[in-house]
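Chemist: Sequence:
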Amino acid sequence: MTIQETIPWVEKYRPKTLDEIINQEEIIRSLKTVLGTKAVPHMLFTGPPGVGKTATAHAFARDLYGDRYIDDGHFMEINASDERGIDVIREKVKTFARTIPMGGIGFKILLLDESDQLTADAQHAFRRVMEQYSTTCRFILAANYSNRIIEPIQSRCAIFRFKPISPEHMIQAINRVAGREGLKIAQKGLTALFEVSEGDLRRAINLLQTAASYSTNIDEDLIYRVAGIAAGIEARKILELSLAGKFEEARKLLREKLYVDGISERDLLSQMYRESFYLPIKEEEKLKLISLIGEVDYRLSQGATPEVQFMMLLSYLYSLTKERK
1 MTIQETIPWV EKYRPKTLDE IINQEEIIRS LKTVLGTKAV PHMLFTGPPG
51 VGKTATAHAF ARDLYGDRYI DDGHFMEINA SDERGIDVIR EKVKTFARTI
101 PMGGIGFKIL LLDESDQLTA DAQHAFRRVM EQYSTTCRFI LAANYSNRII
151 EPIQSRCAIF RFKPISPEHM IQAINRVAGR EGLKIAQKGL TALFEVSEGD
201 LRRAINLLQT AASYSTNIDE DLIYRVAGIA AGIEARKILE LSLAGKFEEA
251 RKLLREKLYV DGISERDLLS QMYRESFYLP IKEEEKLKLI SLIGEVDYRL
301 SQGATPEVQF MMLLSYLYSL TKERK
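In the working numbering, the protein residues as written are 1 to 325.
Everything labelled a hint here was simulated from the structure, so no lab data went into it. Hints are supplied without guarantee of correctness; some may be wrong.
To be verified - Okay, derived cross-link-like pairs now, PhoX-like style, lysine-lysine, Cα gap no bigger than 20 Å in a straight line:
hint: 1; residue 1: K282; residue 2: K237
hint: 2; residue 1: K237; residue 2: K163
hint: 3; residue 1: K237; residue 2: K32
hint: 4; residue 1: K252; residue 2: K237
hint: 5; residue 1: K163; residue 2: K188
Stated by the list, open to error - Label pairs and their in silico Cβ distance ranges:
hint: 6; residue 1: I290; residue 2: D19; range: 37 to 45 Å
hint: 7; residue 1: L35; residue 2: S215; range: 40 to 48 Å
hint: 8; residue 1: R128; residue 2: S81; range: 19 to 27 Å
Cβ coordinates follow ideal geometry from the N, Cα and C atoms, glycine included.
Input sequences plus hints: build the corresponding full structure.
Modeler: Below, the structure is given as structure tokens:
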């Protein structure tokens, strides 16, 4: 096996230049204008996971410095979710930012990925570093949630808001990767991949690579299996059994999905949320069900017992059956 064959596909097919970034046309136009002037500000890239924030930062640096932008010491990436404390600011960031850059550009670029994971103290320390070393370094912050970045940092950055990747762009990107890897992917497989990844192209490519380790023919069932989640039809069956008054059957299927198939309770809940819109119940009953799903989601995040929480949902649907008799 060659080194090229062992590279994760998200790295293998990462866009190399700004022209290769998909679905972010306005941002790319703005960044190209910045490249033309060389007047690079500090920047905050914000938006959902897997929409190209990190890839855009790398592509921008490559277009600015050339292919050796990392090897020549012009660019450094730090993931804040790995090291959330103030030490990462004092040690890694400060050490990189204060060294004088080589070459004609006059400054280096530091990418702080997942910067919204930094503690408040770390962000305030980062703000001071930005002020102290702005002549030798430009900072790009990538964050899923801009409201978690303190205002003093936001006010020092040009903010670029990345939009979710459209189904069309997602499918084009997946088909391109599948074609280069010699895979055959069915239309339902593409749909399942988009649904499971929830617009996160990075996750979609990772799932595709995992599926390809099982078969070169990628279909809907394989995607759901490698993702470890319930297909929508299975989640809907659990709901419909409860609604039909078959509570024990619904409970048995639920336990099978959780404990035999090993499906994540949060993924199963997400599927139930999607399927709830198609249940043959009144609008006010759907609203109540969706509200309960929200409660369960919160309780699961707080460590509640999954089966008990799901039983609450199924009990509600079962009660609707009794009310109609």
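Chemist: Check each numbered hint against the structure and report the violated ones by number, ascending.
Modeler: 2, 3, 5
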